[in-house]
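S.K.: Chains as they are written, first to last, in numbering that gives the first Met the number 0: chain C, 0 to 417; chain V, 0 to 417.
Read the hints as simulated data drawn from the structure, not as lab findings. Everything numeric in this text was worked out from a predicted model, so none of it was measured. It is possible that part of the hints are untrue.
[As the list claims (entries may be wrong)] So, partial list: chain V residues that the calculated Cβ filter (under 8 Å) puts toward chain C:
id: 1; residue: HIS226
id: 2; residue: VAL304
id: 3; residue: ARG396
Every residue, glycine too, gets a C-beta built ideally from N, C-alpha and C.
This is what each chain is made of:
There are 2 protein chains.
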Amino acid sequence: MPLQRAAVLAVGSELLTPSRIDTNSLMITEQLNLLGIEVAYKSVIGDDREELAAALRVALDRVGLVVCCGGLGPTDDDVTREVVAQVLRRPLAEDERITAQIRARFASRRMEMPEINRRQALVPAGARVLSNPNGTAPGLWLEEAGRAVLLLPGPPRELKALLMAASDEILKPRSPGLSLVRRVIRITGRTESHTEEAVQPLYTEWAKAEVPIAATILASLGQIELHLSARAVSRDRAEAAVEAASRQVGDVLGLDAYSRDGRTLEQVVGDLLVERRFRIALAESCTGGLLTSRLTDVVGSSRYVERAVVAYANEAKVSLLGVPGKLIDEHGAVSEPVALAMAEGIRASAMVEVGIGVTGIAGPGGGTPEKPVGTVAVAVVIPGATRSRLFRFVGDREHVRIQASQAALDMMRRMLGP
Amino acid sequence: MPLQRAAVLAVGSELLTPSRIDTNSLMITEQLNLLGIEVAYKSVIGDDREELAAALRVALDRVGLVVCCGGLGPTDDDVTREVVAQVLRRPLAEDERITAQIRARFASRRMEMPEINRRQALVPAGARVLSNPNGTAPGLWLEEAGRAVLLLPGPPRELKALLMAASDEILKPRSPGLSLVRRVIRITGRTESHTEEAVQPLYTEWAKAEVPIAATILASLGQIELHLSARAVSRDRAEAAVEAASRQVGDVLGLDAYSRDGRTLEQVVGDLLVERRFRIALAESCTGGLLTSRLTDVVGSSRYVERAVVAYANEAKVSLLGVPGKLIDEHGAVSEPVALAMAEGIRASAMVEVGIGVTGIAGPGGGTPEKPVGTVAVAVVIPGATRSRLFRFVGDREHVRIQASQAALDMMRRMLGP
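Extracted from the complex, chain C is given alone in its bound form (with noise of 0.2 Å):
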């Protein structure tokens, strides 16, 4: 029979408190949808054997596969591998190639295993074990009376790599095989209703189509997604189904629309550098490194990343980047003058090509009637093209940093773009 809806249970006492949620679900329902696998529910339960084996009961009751996560580490509130074992009434025995395994992970930073990490390698009796490259506990799974557990370890990074191998190496074989396809188009310099305005025509078009395609927008700062998606006997047609759409929306938004092969901005700024053969400087106030730690983020980035320099204070903008002392006390700190001394400074003493200057007011204090908390200065200058622009961003220090990185990144992309 194969596997058609499953459950997910979350376990962890501080998912079911105020302040923590469950966010390894998301990455689960999406791999389990690739495979045409529907999730009929989910539930968050705490570090507790009796409510844990309730949960078990009733899923393994509605639902032909129940993904746990959580609860496998090594300390006595980790039940998860237990509680399964009872529930299924397999005895659980110590794997020694897991134990030799977790020994070897802590040799290797020059530790000793504590004792009680063995409790990682206890396997319920017919069980196959998932090893696990990023940490001690492996996933099991375990089949009985037409029914399967899979259990994977919370730390999303364990999390994420089991769940791959497990979707590889067990999941394909026993799913329906009704592939869900989704592709996400990600889009600046819009807002979310103008992207939906934009793209409304298409909805009709697409939900009478011979493979209909479903969309959601979501807004985050600075940025809209589109998520499409697509569900087909084969994974080429709902490919083929959704590349078409994601063209659609390419053509509708033009430029807007950055990426729509899961490229970050700050990747499809990358690639623009490295296709110029340009290598960058930044000059930072507000952001605070944000923004060179966003370009860094990606892989191969020290290719084009030359320098970049923090100048909170007046002196340092003086010192480190040639900003005459003049322009700050004639414009203020913050404004397009200052910006593009700021792009034009470090990029003429690192000797590039693309110099990014960024100065601003993130909060909660030092605004003023004129320039509000919020109020952010940018400039790019590239050969051949100079710009600068100011911005009024809302919300709090957080969220005017991530704003400004985000119109920086994308001013950028904009100019070196074709």
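Based on these hints, arrange chain V on the given structure of chain C.
M.R.: Same frame as chain C, now just chain V:
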């Protein structure tokens, strides 16, 4: 019987997609906890009569209070009202007063009430109606054989108003009157298992205490969190118990416990800098601005962050930071002497008290057998003290960068602290 334990059921198919998450349950959990009611588990169910009925039956079987949010709208896929009536075997009847209120709400916007909105005036026999000041769907309260069900609308603004009303008028008199207080202790410099080993002896003591303390350990990159909670007849007693327990943890873990009041590591460092009236300048290589970005995330950081330089290229290390080229040739760019020269260079040129240098290999490229990806040298110079250390972090680029910035902040904290 007072309501001790609750389940929260969030209803809505969109909450079972990979891109949306239930956050309403956080607000509900917070309010219930304030009344001393614990959330035993929570679930997300689609707009599906059968699944919702099953979830409701399970919940009524396990807890004293079931809070459902969502699915009270006027359309066909809003099924909560009907499913609850069916499960509790209560006939539904239109409440004319609610219809009148909904009609008036539409009229106030000069609109006529669509006929489908009459569904929102349907009330299960015996239910108490909570009128909704911010929308059309009223809240509903039902009691049956010592169990209670509270139905709330999904839009957060409507949910909040009705939750507060239900809390004051209905839940408070029925709640156990116990206050639940939580506290998070943040720890660096120990693994999860070593933290557990050290804290374990306290668990037994806490379990037997007059006000028992519950504890959970959570691990993330370069950081462990210990969550404590206590329940007592008065908020003050619960606070006192948690405070005493957190002090015990502080005694056991010593300097490794860096925060018992919710402050982040960067806030703790910032507060130490303010306290000692020190200013700081940073020289980053592999962390690419992340360290500075974390420090400047803190409100008021412009008081102590003077400047930062991201020097990716060796040339930039020499020209911007005055690192002797010979030192790089001799020890390699990723070495303690170079990290020290970076820290000293930026400290001298910025003329501040604290200098920090970070140089390493974040990967995926650039590793060698002697210095594999994840090798990071960190150096901190403060008045009267200098420290450097070579780390070996495990993980991909992002993880190495996060751990390196964490290690640098931690080194500063330990040097600046008492």
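S.K.: Does each hint hold? Answer for all of them.
M.R.: Consistency of the hints with the structure:
{"no.": "1", "hint": "HIS226", "verdict": "holds, 6 Å"}
{"no.": "2", "hint": "VAL304", "verdict": "holds, 5 Å"}
{"no.": "3", "hint": "ARG396", "verdict": "holds, 6 Å"}
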